Amino acid sequence: MRVESGAEEERLVREAQGGCSAAMAQLYSLHWRGAYRAAYLVAHDAAAAEDIAQDGFLAAVDALDRFDRRRPFRPWLHRIVVNRALDWARREALRRRVDGAESVFEPLPPPEEIGGEMIAALKELPAEQRAVVVLRHLLEYTPGEIASMLDLPRGTVNSRLRRGLDRLRETAEAEQLAEGRR
Amino acid sequence: MSDGKLNCALSEISIPEPPGAEERGRQIVAAAFTERTSGRSELRGALAPKTSERRSRRPLPRLALGLSLAALLAVLLLSPAGAAVRDWVDDTFTASAPRPEPTLARIPGGGKLLVQAGEGPWVVRPDGSRRLLGDYEEASWSPHGLFIAATKGRTLSAVEPGGTPHWSITAQARVAVPRWSPSGERIAYRSGFDLRVIAGDGTEDHLVAGSTAAGTPPAARISPAYVAPAWSPDGKDVLAYVTGTGRLRIINSETGTPLAAAPALRRITWMGWADGGRKILEASPGKLRLRPVLPAGHPSRPALGKARLLPLPPKASVNDAALAPQRSLVAASITYWKQHGTYSEVVVFRPDGSQGLLRVPGSLGQVEWSPDGRRLLVAWPGASQWLFLPLDGGRGRAVANITRAFSPGREPTSFPRVEGWCC
Chain P
13 MRVESGAEEE
23 RLVREAQGGC
33 SAAMAQLYSL
43 HWRGAYRAAY
53 LVAHDAAAAE
63 DIAQDGFLAA
73 VDALDRFDRR
83 RPFRPWLHRI
93 VVNRALDWAR
103 REALRRRVDG
113 AESVFEPLPP
123 PEEIGGEMIA
133 ALKELPAEQR
143 AVVVLRHLLE
153 YTPGEIASML
163 DLPRGTVNSR
173 LRRGLDRLRE
183 TAEAEQLAEG
193 RR
Chain V
657 MSDGKLNCAL
667 SEISIPEPPG
677 AEERGRQIVA
687 AAFTERTSGR
697 SELRGALAPK
707 TSERRSRRPL
717 PRLALGLSLA
727 ALLAVLLLSP
737 AGAAVRDWVD
747 DTFTASAPRP
757 EPTLARIPGG
767 GKLLVQAGEG
777 PWVVRPDGSR
787 RLLGDYEEAS
797 WSPHGLFIAA
807 TKGRTLSAVE
817 PGGTPHWSIT
827 AQARVAVPRW
837 SPSGERIAYR
847 SGFDLRVIAG
857 DGTEDHLVAG
867 STAAGTPPAA
877 RISPAYVAPA
887 WSPDGKDVLA
897 YVTGTGRLRI
907 INSETGTPLA
917 AAPALRRITW
927 MGWADGGRKI
937 LEASPGKLRL
947 RPVLPAGHPS
957 RPALGKARLL
967 PLPPKASVND
977 AALAPQRSLV
987 AASITYWKQH
997 GTYSEVVVFR
1007 PDGSQGLLRV
1017 PGSLGQVEWS
1027 PDGRRLLVAW
1037 PGASQWLFLP
1047 LDGGRGRAVA
1057 NITRAFSPGR
1067 EPTSFPRVEG
1077 WCC
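Chains P and V supply the protein sequences, listed in that same order. Read left to right, the first sequence gives residues 13 to 194 (my numbering). Read left to right, the second sequence gives residues 657 to 1079 (my numbering).
Worth double-checking, as some hints may not be accurate.
Stated by the list, open to error - So the derived list for chain V, only partly shown, Cβ under 7 Å to chain P, looks like this:
{"#": "1", "residue": "L662"}
{"#": "2", "residue": "N663"}
{"#": "3", "residue": "L666"}
{"#": "4", "residue": "I671"}
{"#": "5", "residue": "P674"}
{"#": "6", "residue": "G676"}
{"#": "7", "residue": "A677"}
{"#": "8", "residue": "V685"}
{"#": "9", "residue": "A688"}
{"#": "10", "residue": "R1053"}
To be verified - Here are the computed distance ranges between Cβ atoms for each label pair:
{"#": "11", "chain 1": "V", "residue 1": "I671", "chain 2": "P", "residue 2": "A75", "range": "21 to 31 Å"}
{"#": "12", "chain 1": "V", "residue 1": "P1017", "chain 2": "P", "residue 2": "R103", "range": "30 to 40 Å"}
{"#": "13", "chain 1": "V", "residue 1": "R762", "chain 2": "P", "residue 2": "A75", "range": "42 to 52 Å"}
{"#": "14", "chain 1": "P", "residue 1": "C32", "chain 2": "V", "residue 2": "H800", "range": "50 to 60 Å"}
{"#": "15", "chain 1": "V", "residue 1": "E678", "chain 2": "P", "residue 2": "R102", "range": "19 to 29 Å"}
Keep in mind that the hints were calculated from the coordinates and are not lab data. Fair warning: this is a prediction, and the values are worked out from it, not measured in the lab. A virtual CB, placed ideally from N, CA and C, is assigned to each residue, including glycine.
Build the full structure now, drawing on both the sequences and the hints.
If you want it as structure tokens, here you go:
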């Protein structure tokens, strides 16, 4: 099912706040994939992304009564999910630095799907740059919205975005060059 | 490569998704939503007539509001449950905040404290002398105080109180909330999204409830919130924990076999076995609840009975709760707004009613029972004090400068947390 308008989503949130489980189920169906995608692209770990997306929805259920339904649900959920995924990615990075451990979860399969090189390139970015690039270019939030979601100055968002994109571009161009040689 | 092409490449990314991930999440979210809704309808049912319509946002007429408040007050003061609530209106306290001593020269009532501060856990001896155990993140006493289970990153260690490591293991993920069983033979701990149990000598480490990746069914996964698992005090291999779906689950710690389950308190922060294993106490920021554990015809297959809320003042927040060793007493530190100010109280719940021990302006924190169950250590972070309050109404003691005592030679960061008061 697609939500045709903000008014429709507002209705679902209102009904969920009133205790309607069908409305909550529809909100879940509408936003699960986006939440999982956001978590995965920041955390780069499928099992962790699943847990983070679930936690995001559980936090949303917990805070549903306080949610201002005049505001869109999606950025609210993504704010929770991306911040949790960032926390997870930072902890993982710290853990790897401290003890050189392998990931707790199963390693990712080699990137054979469409955009596999781009996923690998994204993974090489620092988590903070990755989160900003994902929010801007995959989830299509404006820099102002990202600044608000991550509680950052807008200038910091812009600089992380620029640095992240520059590194992605370098990777993509190197890949193209290698492809041409093959 | 242009921005447009880069954008296009990013938007074409295809993402691997674990099989059944969406459905697993759907079940968990639906269970959490049902739990939230049922909890709210219980509250609504107690205070107002049931209605399928949402309440209008229009302000209530003043008369109706007055009548509602009067009715609510009558319910609170006249109902049996309200009889306990009434105590909060005209309560008396057995102690006032004692004059603080400047340094911790001894522990009133004796015993040893395990205290977590910015640099790591400290062991405080009965004479007040203290020693930094090491660079650990969490620590907890073994039942007789001979060892301490300490964590750092992915490492779980058993350390002697003098600091000598006894054994260490490296887990697959960050280790947290280690808890010794009452016999001292087992330690339950969390590693990432897994709940594991290890023998007290560092062997026989095994998984009892895992993450989705480990193949544990969604309804049995441990909660993402760090609610510590709790061992049954009767010495059997029985462990309680909270699942990600918000259920209180009791399992056999050796086999992982489920023994009983019931909805946990919403936003649960802590739980413990009370009354010799016959009840489970749950705490959330606004509630304290006791749930009977029934034998159900066979001691190895307990069942969970109907939960009962402990009476608290209206809108009180629960800072901490603790169960007295060997006794059916619950101590709680609560904070609420009264007469234009914030106050905190230490309350002891007994089977026959409750007793206010102390009221102070501002916020109190943690409560911890002495090993003999005759006094309480109460944290007062705003005053940087520990209060030692006897239950028999005798003179309490206060010790000041607690934050500084556990941050020698450096700027204090946070108020130390007592991880245990041992034998």
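Do the hints match the structure? See the list:
no.: 1; hint: L662; verdict: holds, 6 Å
no.: 2; hint: N663; verdict: holds, 6 Å
no.: 3; hint: L666; verdict: holds, 5 Å
no.: 4; hint: I671; verdict: holds, 5 Å
no.: 5; hint: P674; verdict: holds, 5 Å
no.: 6; hint: G676; verdict: violated, 10 Å
no.: 7; hint: A677; verdict: holds, 5 Å
no.: 8; hint: V685; verdict: holds, 5 Å
no.: 9; hint: A688; verdict: holds, 5 Å
no.: 10; hint: R1053; verdict: violated, 40 Å
no.: 11; hint: V:I671 / P:A75: 21 to 31 Å; verdict: holds, 26 Å
no.: 12; hint: V:P1017 / P:R103: 30 to 40 Å; verdict: holds, 38 Å
no.: 13; hint: V:R762 / P:A75: 42 to 52 Å; verdict: holds, 46 Å
no.: 14; hint: P:C32 / V:H800: 50 to 60 Å; verdict: holds, 54 Å
no.: 15; hint: V:E678 / P:R102: 19 to 29 Å; verdict: holds, 26 Å
This entry does not satisfy hints 6, 10, going by the numbered hints stated previously.
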